[in-house]
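Line by line, the protein sequences are chains Z and D.
Going by my numbering, 98 is the number at position 98 of the first sequence; the sequence numbering is gapless.
Going by my numbering, 181 is the number at position 181 of the second sequence; the sequence numbering is gapless.
Rather than coming from a laboratory, the hints here were simulated on the basis of the structure.
Within a straight-line C-alpha distance of at most 35 Å, the following computed DSBU-like cross-link-like pairs (lysine-lysine) qualify:
| no. | chain 1 | residue 1 | chain 2 | residue 2 |
| --- | --- | --- | --- | --- |
| 1 | D | 79 | Z | 36 |
| 2 | D | 436 | D | 283 |
| 3 | D | 284 | Z | 108 |
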Amino acid sequence: MAAVKPSDYTNQVTVTDEVAEFSPEVMDEIRSHLEKYPPDRSRSALIPLLFLVQRERGYIDNPGVNFLAKFLNIEVTDVWETATFYSMFNMNRVGRHHIQVCKTLSCKIMGEPDITDHICTKLGIKPGETTPDGKFTVSLVECLGSCGTAPMMQIGFDYHEDLTTEKVDKILAECE
Amino acid sequence: MEIRAIGCDPLQLKRVLAKDGHTLKVYRDMGGYASLKKALGMTPADIIETVKTSALRGRGGAGFPTGMKWSFVPKDSPKPKYIVCNADESEPGTFKDRYLLERDPHALIEGMVIAGHALGAATGYIYYRGEYNYLIDIMDAALAEARDAGLLGRNILGTGFDMDIFTHTGAGAYICGEETALLSSLEGFRGHPRMKPPFPALEGLYACPTVVNNVETLTAIPEIIELGAEAWRDLGTEKSGGTKLWSVSGHVKKPGVYELPMGYADMEKFIMEDCGGMLRDDKKLKAVIPGGSSVYIMNTSQILGKNVTMDYEGLVAAGSSVGSGGFIVMDERVDVVESTRNLTQFYKHESCGWCTPCREGTDWLVKIFDRIAAGGGRPEDAQVMLDLCDNMEGRSHCPLADAAAWPIQSAIQRFPEDFKKWLWKNTENSEAKELKVNA
Ligand SMILES: Cc1cc2nc3c(=O)[nH]c(=O)nc-3n(C[C@H](O)[C@H](O)[C@H](O)COP(=O)(O)O)c2cc1C
Ligand code: SF4
Ligand code: FES
Numbered sequence: 001m002a003a004v005k006p007s008d009y010t011n012q013v014t015v016t017d018e019v020a021e022f023s024p025e026v027m028d029e030i031r032s033h034l035e036k037y038p039p040d041r042s043r044s045a046l047i048p049l050l051f052l053v054q055r056e057r058g059y060i061d062n063p064g065v066n067f068l069a070k071f072l073n074i075e076v077t078d079v080w081e082t083a084t085f086y087s088m089f090n091m092n093r094v095g096r097h098h099i100q101v102c103k104t105l106s107c108k109i110m111g112e113p114d115i116t117d118h119i120c121t122k123l124g125i126k127p128g129e130t131t132p133d134g135k136f137t138v139s140l141v142e143c144l145g146s147c148g149t150a151p152m153m154q155i156g157f158d159y160h161e162d163l164t165t166e167k168v169d170k171i172l173a174e175c176e
Numbered sequence: 001m002e003i004r005a006i007g008c009d010p011l012q013l014k015r016v017l018a019k020d021g022h023t024l025k026v027y028r029d030m031g032g033y034a035s036l037k038k039a040l041g042m043t044p045a046d047i048i049e050t051v052k053t054s055a056l057r058g059r060g061g062a063g064f065p066t067g068m069k070w071s072f073v074p075k076d077s078p079k080p081k082y083i084v085c086n087a088d089e090s091e092p093g094t095f096k097d098r099y100l101l102e103r104d105p106h107a108l109i110e111g112m113v114i115a116g117h118a119l120g121a122a123t124g125y126i127y128y129r130g131e132y133n134y135l136i137d138i139m140d141a142a143l144a145e146a147r148d149a150g151l152l153g154r155n156i157l158g159t160g161f162d163m164d165i166f167t168h169t170g171a172g173a174y175i176c177g178e179e180t181a182l183l184s185s186l187e188g189f190r191g192h193p194r195m196k197p198p199f200p201a202l203e204g205l206y207a208c209p210t211v212v213n214n215v216e217t218l219t220a221i222p223e224i225i226e227l228g229a230e231a232w233r234d235l236g237t238e239k240s241g242g243t244k245l246w247s248v249s250g251h252v253k254k255p256g257v258y259e260l261p262m263g264y265a266d267m268e269k270f271i272m273e274d275c276g277g278m279l280r281d282d283k284k285l286k287a288v289i290p291g292g293s294s295v296y297i298m299n300t301s302q303i304l305g306k307n308v309t310m311d312y313e314g315l316v317a318a319g320s321s322v323g324s325g326g327f328i329v330m331d332e333r334v335d336v337v338e339s340t341r342n343l344t345q346f347y348k349h350e351s352c353g354w355c356t357p358c359r360e361g362t363d364w365l366v367k368i369f370d371r372i373a374a375g376g377g378r379p380e381d382a383q384v385m386l387d388l389c390d391n392m393e394g395r396s397h398c399p400l401a402d403a404a405a406w407p408i409q410s411a412i413q414r415f416p417e418d419f420k421k422w423l424w425k426n427t428e429n430s431e432a433k434e435l436k437v438n439a
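Please put together the full structure from these sequences, using the hints given.
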């Protein structure tokens, strides 16, 4: 969460009063999260519920945030305050497959630069970008707790370890 | 990747190595939950005394004696009490907790329920780093198994003791591994550390008495109850009891998770034999960071032929510390300026931004490293960086700022040749010059 430039956030949030709606099944899932915390501490469910909004809506969008504020009985700004702190919440749409290559020390010295170059060349994008067809986004991230099997990357929530360029080709080919 | 105990029988790794060790059946077949039964028959004071005698020290990084931490929780508080497991594991080079959580979830549940009984807590939370999402399903399944078997929930094992445990997720923030930031995050806020005192033992989660412990700390509890405090302690040394998991990564033939008795001798043998030696036979050892990125980096003159023992005292004497046990090995191809720059980028990214020395200091340090990497090094840069570190260390709200300063301070001191190469790049006769730092 280093210094945020104002430009990082402009155009990301279209302010609207629209409140997201979810199916009865998803609403059940949302309510089930509250059972873990004391009744007067429902804000504790905010991070798990932000993940749920991200899963259902693709990213943390304004209607989703409005929903959480209403549901947890907190201010809309409270929700944004928390959401913008955490690197796993996307304030913008990302590709269907979010490739996150670990760039921290153990991965770096075990060959991360080659892996990143290979992926970026293959997809024709730079880290931080999304392919024009919306299929892939590539990000460089910090240590993911898989240093013994470096270099590694995570796609969505799946770990891919002991990477080689051939292995990366295979993994990418299997992405729908 | 290797998973292996050396110099002791696998204790923490017992189920990790067993097939289906994550299931209740296998866990019980291997003697699991016997300690819970035993502990529920002990008084809370006895359990805390046992943990104290065991010389167990927190495995999250700070190495604080666990029994002492537990004894700070007030016995007569009318407020509810909480046990929180720190499964945020984000320290670069550290990945041992992941294997415990994946393959031995019941040991954590058992340890947390014993802790709950000792401290009078009816609720436990396990805070996972957001990226460990797949592990939460494994734990939720284990928690359900334990509830069904009467090992968790109401009237545990018929003793009248009630306790439940829930999983919770973070969302990508190293700072949430710091215990008070973790609690802020668990309450649904930004992960900013809180002022101490009050310590969590008095005012933690929801301003109630709370103990935060690392995964490996809590999974050691059933072993201690089973073996007895003295027997467990004597596996290690008097001051550093028991066994410890080391996550080994980098340029060795066999990276992995190793369980060693505390006080294992010696570090050179560990690297050169146990971990299979250097990844490339023709490349020499250059540097080791033994305890996760937040400790001093060591050069070969501190390791080779020095009989460094691997415990809290031994590593401090050798010029570093145990930290989280994230053991990163680097061979001579690594440029220490570049590796220090990499870690500084990490701390800059992970600084929560609350206090100026840390937020601005890490930002300026990265700017200087970037300029150096682009070929614009200046002889005075080393001193400028040390001054920045001096303005961060001990002058910030939480230890992240110290953690960012230590790699740089130790790298400049212990690898002056690497810095000289970059900093004298633009002046002639670089060979003759010493690194310019104030004594
Ligand atoms: C910046 C920072 C990051 C930390 N990250 C972790 C972590 O990922 N896991 C952990 O168990 N402890 C971490 N700690 C240590 C915790 O603050 C705390 O000391 C620990 O959870 C206590 O448990 P223990 O006594 O069992 O070690 C971190 C500390 C700091 C200052
Ligand atoms: S030292 Fe850094 S991480 Fe810690 S509170 Fe201050 S700004 Fe945040
Ligand atoms: S350094 Fe890449 S997973 Fe730890």
